[in-house]
Structures are given as C-alpha cells and as structure tokens.
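A.B. asks: Given next are the chains, with one letter for each unit.
2 protein chains.
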Amino acid sequence: MSLKVAFQGERGAFSEQAGYAFFGDKMSAVPLPTFEDVFKYVKNGRVDFGIIPIENSLYGSIHQNYDLLRKYNVFIVGEVKLRIKHYLLANYGVKLSDVRKIYSHPQALAQCEDFLKKLRNVEIIPVYDTAGSAKMIKEKKILDGAAIAGKQAGIYYGLKILKAGIENHRKNFTRFLILSRKKIIAKENPKTSIIFVTKNIPGALYTALGVFARRRINLLKIESRPIIGQPWNYMFYLDFEGSVADKVCSDALRELNELANYYKFLGTYEKGREVG
Amino acid sequence: MSLKVAFQGERGAFSEQAGYAFFGDKMSAVPLPTFEDVFKYVKNGRVDFGIIPIENSLYGSIHQNYDLLRKYNVFIVGEVKLRIKHYLLANYGVKLSDVRKIYSHPQALAQCEDFLKKLRNVEIIPVYDTAGSAKMIKEKKILDGAAIAGKQAGIYYGLKILKAGIENHRKNFTRFLILSRKKIIAKENPKTSIIFVTKNIPGALYTALGVFARRRINLLKIESRPIIGQPWNYMFYLDFEGSVADKVCSDALRELNELANYYKFLGTYEKGREVG
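Those sequence lines, one after another, are chains A and B. Residue numbers are given in this note's numbering: position 167 of the first sequence equals residue 167, and the series is strictly consecutive. Residue numbers are given in this note's numbering: position 160 of the second sequence equals residue 160, and the series is strictly consecutive.
What the hints contain is simulated information worked out from the structure, not anything from laboratory work. By construction, the Cβ of each residue, glycine as well, lies at the ideal position given by its N, Cα and C atoms. A portion of the hints provided could be inaccurate.
As the list claims (entries may be wrong) - Cross-link-like lysine to any residue pairs, in silico, SDA-like; alpha carbons within 20 Å at most:
1) A:K221 <-> B:G229
2) B:K199 <-> A:K81
3) B:K221 <-> A:I227
4) A:K81 <-> B:W232
5) B:K71 <-> A:G60
6) A:K71 <-> A:S224
7) A:K221 <-> B:I227
8) B:K221 <-> A:G60
9) A:K199 <-> B:E241
Unchecked claim - Label pairs and their calculated CB-CB ranges:
10) A:K141 <-> B:L143: 39 to 45 Å
11) B:N218 <-> A:K183: 35 to 41 Å
12) B:N189 <-> A:E113: 39 to 45 Å
13) B:N189 <-> A:V122: 51 to 57 Å
14) B:K4 <-> A:K141: 51 to 57 Å
15) A:Y72 <-> B:Q64: 26 to 32 Å
16) A:Y92 <-> B:R170: 53 to 59 Å
Unchecked claim - Take a look, some chain B residues computed to stay more than 10 Å from chain A by CB distance:
17) R11
18) D25
19) P33
20) N44
21) E55
22) S97
23) K101
24) L119
25) R120
26) R181
27) I217
28) E223
29) S224
30) N257
31) F265
Turn these sequences into a full structure, and let the hints guide you.
C.D. replies: See below:
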C-alpha cells in the first residue's frame, strides 16, 4: 500500500527527504507548486498526508505555514527534524576541478559560504530552488558546473556526490510537520500544538501561560503572529509536552479556552526525532 | 542643521517616507543596499540615525532586523507606524487608459490584487523593489506602463498619481524603529524593548513574564527567535509600556536579569504615532 504525501517544491526537495524519513518506502511523493496547495490537497482528501517545513534552527519560523495552519482545518499528526546537509552534486564524469559554475538557492549558497570561499575561478549562480538546481544540471547536461542540494536530489536526478556536508553549521535542522485531514492522537512521547488569542487586558499572556505552569506542563515553543485587521494585536501558537488525551493537559486547555477570545487545537503528535 | 539618516532601499522607499514623518525636513536621506549596512553606518557614526522596518501589521515581523538588533550595539530611540498606502504612478502625460504594464514588488502587487483584477489588458510585472519600479519607469521614460509604490517615490521621481490608495487592506501598517549609537531615554509616552534568554527549566518563561505581571507592567509584544547552535532553544524579544528611568520598570529588569541566562537592553523610546 502506498501513501500519497504532498509537499511543496521539486522532486528531491528537503521536504520529500523528510517525508521518506517519516513514512519510509510506503510514501508516494506528490510535489506541488505552493504550500497552500499542500494544505488544499490534504483538506480535500486528494492525498493521504502533507508535509510542510515549519521552522529552521538557524533562520526561525516559516510564517506562511503558521498562517495556513490557522486558515485550514487540518491536523498535525507527526514531526520530523531533518539535519540540513548540503551536497555538491554533478553529472557523472564531472570532477571537482572541472567545476566553473555552482548553482543553488541563495539560502543554500549562504549556508555553504565557507566551502565556496575556498574555491578559485568558480562563478556562484543563484537559482529558485535547491532541488531545482540539481534538476537543471541534469536536464541541461551541464559538464562544467555543479549544484548544491540535499541527498534526496542527488538520488532522484542520478547525480554524483562531488563533496558531502559542505554546510557551515552542523546544527542546521529544519523541523517539518505531517498534516492529515483526520485527527490522530499520538500515544508515544506526545507534544501538542494550539493557537489562542488572549483577551485584550494587561497580564493576559501571563495568565494564559499560568494555566500550563501551575500544572507543570513544559512549554516547547511560543510564536506570535499578527491578527489581520487589528494592528499590534497578536495570536499565539503554543507547543507543549503532553497529550490532549491526558487529563492534566485537557484540564489546562479547557481553562485556557475559557480565558481566550479564540482557541484552536492543531494536534497531539509524537515528538520528532532528529534524522538525516 | 541636517541629520543624516540611513535606510535600506532606493530613494523614495517607504523607509525614507517613515524617516521624513519622524525627522521632518531636517532629514538628509542616506540610501544603502542592505539592512546590515544601516546598522554598520549607525554603529560607526557615519550617519546620525538609521531607520529600519521591524514589523508589518499583515505579514508580521522582519526577522533579519530582530537578529541585527541583537548583533549590533545600537539603541532604539524612536518608532513610526506608517500606513502603507499604495499609489499607481506614471510619467506625466500618461493616462490610466494608456497603461498596459504595471511594475512593482510582488508583495505590493499582492496587496493591490483587488484593484489589479478589475483592469483589462494589463500585464503585471514583478520587480525587486517598489521605489525601484517608480525609478525605472521614470528613467526608461515608459509611456505605456505604471508603477505601484508609496507617495515618497512619486515625489522623488516626479511622477503623476494615476490612482491613490489602491491597496486591499486599509489597516496595513509597517512599524519602523529609529536607531542611534547613543542611548537616549524618552520621557513622553515611553515603551521599552529588551532581549532575554531564560534558564532552560520548565516554567521559565512564565516566571520571567511574572516579573512584569506582578508590577502591572503592560506587555506590548513578545517575539521568539532561534539561538544559533542550540536547536529548539529560543531568545525572547519583549516590548512593554514604561521607561527604564522609572523605578518600577528598572526593578523588573533587575529581577529579570538575575533570572536570565542572557539579557540586553535595546532602548526606551516614545511610542510611535500612526502616520501617512
């Protein structure tokens, strides 16, 4: 049985790699042009699951996906923390000394700056996508150039690894979320994500967090996003340890719901392992 | 006497417009290529002040500038909340019915989608910058096209307003911060910005916010950013009402400093008015 899993980007993208780390060989990759398409496909049942990046350990949150989690009624049912390891990829037969041009997404190029600085007589060319740069050197049969992308892109486009692990920072992880139209409450090592808006009174956020602190529930992340049409007011996205199926957490959420002007449950899912 | 004020972007940018709203005619505009250049120029005393966007009321925080506030030792000494009003600008002699091409930054084009949808036989062309699109139609003497940019761009490049206020959302504000190498503590209507990192123990954020809640200090914004090299740990940027010169606030900050692993004072400045 295969599971259709939607992600944004070209085949070979880091999102696809994170998907394989989570689903294994059961995954059938469904690449889509935009993040919003991923949410739509999950919502409409055109795929079994979606996978989206939510946060990078160097660059922070991917806000568009926070906003889409509020907009679409889908549930978070899993998490993957993928080590972002960059590879210099080329067509077979190309040696490192042949390389005169290196193509990749500007962020990937920046993440490999230390490696790139050591090269002589090489032109750095920004393109729209990491996996897209691998696709391009393959399709155009480029023999004097290389691409910087993830391992999955090398596998998918049949490219040779000229050099592995060329990123500056080893502690570069992207956290991905697995989305489903059905609520699935994880039992193992659970964490829970919610959205809430406090009443507009002094101390409201402190009071809201007290709901968790008094029960010794450990907060993992808080993220604020603007409320459209109400400048300088914010909604909060909260991740904490525990499951809605546990009484202590469900009590906390009931109390928060009473305090809040807006509340949305996003999911209870197993905390992601670090992979890749 | 003129004040040199650095900002990122082309002449006529929204940052420049916000600068004039704050400094008036005393301002002498210093356009620079990047946000980091603005911080460097302020730090090195090559300009009197810098102005940077920190947050938009529809799209949220500009994270790069949050990170630069931590990296550079400069102080926040003022704030402006600029209403983002988009204008359709063209060379003199061009009528709305002549326009076949409209140029602007993709975000500005998205913000004017409702207006653009009503036009017939017009090609929408994304360019790198709003003020840059105004500059281009002026320099290239384009007579069948128009640019979408702010009022300041129209003034600077001597363009005619074909249509004013073409943005979808009227409650679209960008909040700008004024930077100085010297600490200047505002007396009128003060707010204060700090950065802190809590100890890595459950309830640490709640305890930190309690420092303010117990003193009835009103929090205005909390923003979390990743700590480089420590995946899934965060630093917090906090804005609150009050001045470091007031005993109640300085007591709170002293207590927070004792609780925290890292603490940085960014500034006490007058709350910005909404302008433009």
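A.B. asks: Just tell me: holds or violated, for the beta carbon distance of K141 of chain A and L143 of chain B against 39 to 45 Å?
C.D. replies: holds, 44 Å
A.B. asks: With 10 Å as the threshold, tell me whether D25 of chain B passes as away from chain A on beta-carbon distances.
C.D. replies: Label holds. Min Cβ-Cβ 28 Å, cutoff 10 Å.
A.B. asks: Just want to verify: I217 of chain B was marked as not at the interface with chain A; is every Cβ pair farther apart than 10 Å?
C.D. replies: Non-interface label on I217 of chain B violated, nearest chain A Cβ at 8 Å vs cutoff 10 Å.
A.B. asks: Taking only the CA atoms, is the gap from K71 of chain B to G60 of chain A under or equal to 20 Å?
C.D. replies: holds, 16 Å
A.B. asks: In terms of Cβ atoms, is chain A entirely out of 10 Å range of R11 of chain B?
C.D. replies: Nearest chain A Cβ is 25 Å from R11 of chain B, so the label holds.
A.B. asks: So is R181 of chain B really clear of chain A, every C-beta pair being over 10 Å apart?
C.D. replies: holds, 27 Å
A.B. asks: Does K221 of chain A pair with I227 of chain B here, judged by a C-alpha cut-off of 20 Å?
C.D. replies: holds, 13 Å
A.B. asks: Between K4 of chain B and K141 of chain A, does the beta-carbon spacing fit 51 to 57 Å?
C.D. replies: holds, 53 Å
A.B. asks: Once the closest CB in chain A is found, is it more than 10 Å from N257 of chain B?
C.D. replies: Non-interface label stands for N257 of chain B: nearest chain A Cβ at 18 Å, farther than 10 Å.
A.B. asks: Given the range 53 to 59 Å, decide if the beta-carbon distance of Y92 of chain A to R170 of chain B lies inside it.
C.D. replies: Hint holds: Cβ distance 58 Å, inside 53 to 59 Å.
A.B. asks: Using Cβ atoms and 10 Å as the threshold, tell me whether F265 of chain B really stays out of contact range of chain A.
C.D. replies: Holds: least Cβ distance 21 Å, greater than 10 Å.
A.B. asks: Please verify that the nearest CB of chain A lies beyond 10 Å from P33 of chain B's CB.
C.D. replies: P33 of chain B is indeed farther than 10 Å from all Cβ atoms of chain A, at 15 Å.
Of the numbered hints stated above, those contradicted by the structure are hints 2, 21, 27, 28, 29, listed in ascending order.
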